[in-house]
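Mind docking these for me? Both chains are given alone in their own frames, and the hints should help you get the complex.
Which chain is which? The protein sequence lines are A and B, in order. Read in our numbering, the first sequence has 37 at position 37, and its numbers run on one by one without any break. Read in our numbering, the second sequence has 107 at position 107, and its numbers run on one by one without any break.
Check the hints yourself; a few may be wrong.
Stated by the list, open to error - Calculated cross-link-like contacts (lysine-lysine; reagent style BS3-like; alpha-carbon spacing at most 30 Å):
#	chain 1	residue 1	chain 2	residue 2
1	B	Lys45	A	Lys24
2	A	Lys112	B	Lys45
3	A	Lys74	B	Lys66
4	A	Lys24	A	Lys74
5	A	Lys24	B	Lys59
6	A	Lys24	B	Lys66
Since the hints were derived computationally from the structure, they do not count as laboratory data. For clarity, every value in this text was computed on a predicted model and none was experimentally measured.
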Amino acid sequence: DVVMTQTPPSLSVAIGQSVSISCKSSQSLVYSDGKTYLHWLLQSPGRSPKRLIYQVSNLGSGVPDRFSGTGSQKDFTLKISRVEAEDLGVYYCAQTTHFPLTFGSGTKLEIK
Amino acid sequence: QVTLKESGPGILQPSQTLSLTCSFSGFSLSTSGICVSWIRQPSGKGLEWLATICWEDSKGYNPSLKNRLTISKDTSNNQAFLKITSVDTADTAIYYCARRPVITEGTFDYWGQGVMVTVSS
Numbered sequence: 001d002v003v004m005t006q007t008p009p010s011l012s013v014a015i016g017q018s019v020s021i022s023c024k025s026s027q028s029l030v031y032s033d034g035k036t037y038l039h040w041l042l043q044s045p046g047r048s049p050k051r052l053i054y055q056v057s058n059l060g061s062g063v064p065d066r067f068s069g070t071g072s073q074k075d076f077t078l079k080i081s082r083v084e085a086e087d088l089g090v091y092y093c094a095q096t097t098h099f100p101l102t103f104g105s106g107t108k109l110e111i112k
Numbered sequence: 001q002v003t004l005k006e007s008g009p010g011i012l013q014p015s016q017t018l019s020l021t022c023s024f025s026g027f028s029l030s031t032s033g034i035c036v037s038w039i040r041q042p043s044g045k046g047l048e049w050l051a052t053i054c055w056e057d058s059k060g061y062n063p064s065l066k067n068r069l070t071i072s073k074d075t076s077n078n079q080a081f082l083k084i085t086s087v088d089t090a091d092t093a094i095y096y097c098a099r100r101p102v103i104t105e106g107t108f109d110y111w112g113q114g115v116m117v118t119v120s121s
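For reference, chain B alone in the conformation it holds in the complex (with noise of 0.2 Å):
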């Protein structure tokens, strides 16, 4: 069974880094063809991809936010993190990951529940 949990800060003030970490199980982000995303959604707005990691380490990120993005995993741990540099209230949202078998189905085929983030002075 394949799940995925995101965990952050919660609330953070602008110009701070933001730390995103997506635990999951029920698959290896060493196997070949699986990835994993990061995707954030402002409170009633649509879905915005931000970056994604594969299993030989490839990286690619959104260039809309130039270079703000880290992302990384811990293979042995089943994790995958996401940071986001200098926030501003713009990054309020609740930011998921997802898996992506990039080799078969190639979308995002298994999702976390979500983790609100607010950034506010």
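For reference, chain A alone in the conformation it holds in the complex (with noise of 0.2 Å):
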């Protein structure tokens, strides 16, 4: 199984700041047609996950753009710029290459 590592486990950040969470994968995420199918969720307190960005650094439908997702092969980085009191939740990456589809552990982002 592909294993997602992220880091930090959690955080904590003033509004208005920006932050950083990073996901390491165990296997490059590149498809046979040339996609990383490399994800983004948020899971606000209480709710479902939510899509936030597909495929590396796409947004999906109604995400700010604040948010934004980087990286290639092995190696993603997703950042919030300026921070909002609604982002709060725990952030997760997942991957959809290869079976099993797979989570990373989380990142709990917090309000200070």
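Shown next as structure tokens:
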């Protein structure tokens, strides 16, 4: 199975600050079609997960452009610029390149 | 508007079979490139992918659950199903279904609200 390692496990940030979350995979996530199926999800407290970014850097519909994703092969980063109160929750990376599909262990974002 | 909603028994005993239903609207599981996945989350823990079924009836399962999983669909009634046999307390979790457009995004773009399942004697 592809192991997805997220760091840090938690972080606390003030409103307006920027933050980055790292996700590293144990194998390259480039699929045979040339695309990289690495995605980011946010689970707000008491809610279902919500799609933020798909295929490394594409913003989901309705997602603010304060969110951005970068990376390639096995090393990926989610950046949140100008954090807002609504951004609190647990962020997960997920890979859908290889079966079984796997998720990172999550990064809990708290607002100072 | 895409929506999904899970339903299940709530509580069941060890060794029983868990049957879950995902009822959805706003899309069809007969549309090329559309799949529905089941994912679960034990309380306070992370996400675990269980199974996926796609428009052309291909299926994928998490081998960690060995042969306990069966996924199926009823395209006419816009439903997907998951059965888990021989449950035990480790299967206690919130179970989600999610849409996955494999040809476009590849991610889980819409999720249900989840259904809590408790396995207890």
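Each hint, compared with the structure:
1. B:Lys45 <-> A:Lys24: holds, 19 Å
2. A:Lys112 <-> B:Lys45: holds, 23 Å
3. A:Lys74 <-> B:Lys66: holds, 28 Å
4. A:Lys24 <-> A:Lys74: holds, 5 Å
5. A:Lys24 <-> B:Lys59: holds, 27 Å
6. A:Lys24 <-> B:Lys66: With Cα atoms ~27 Å apart, A:Lys24 and B:Lys66 stay inside 30 Å; holds.
Taken one by one, the earlier hints all hold for this structure without exception.
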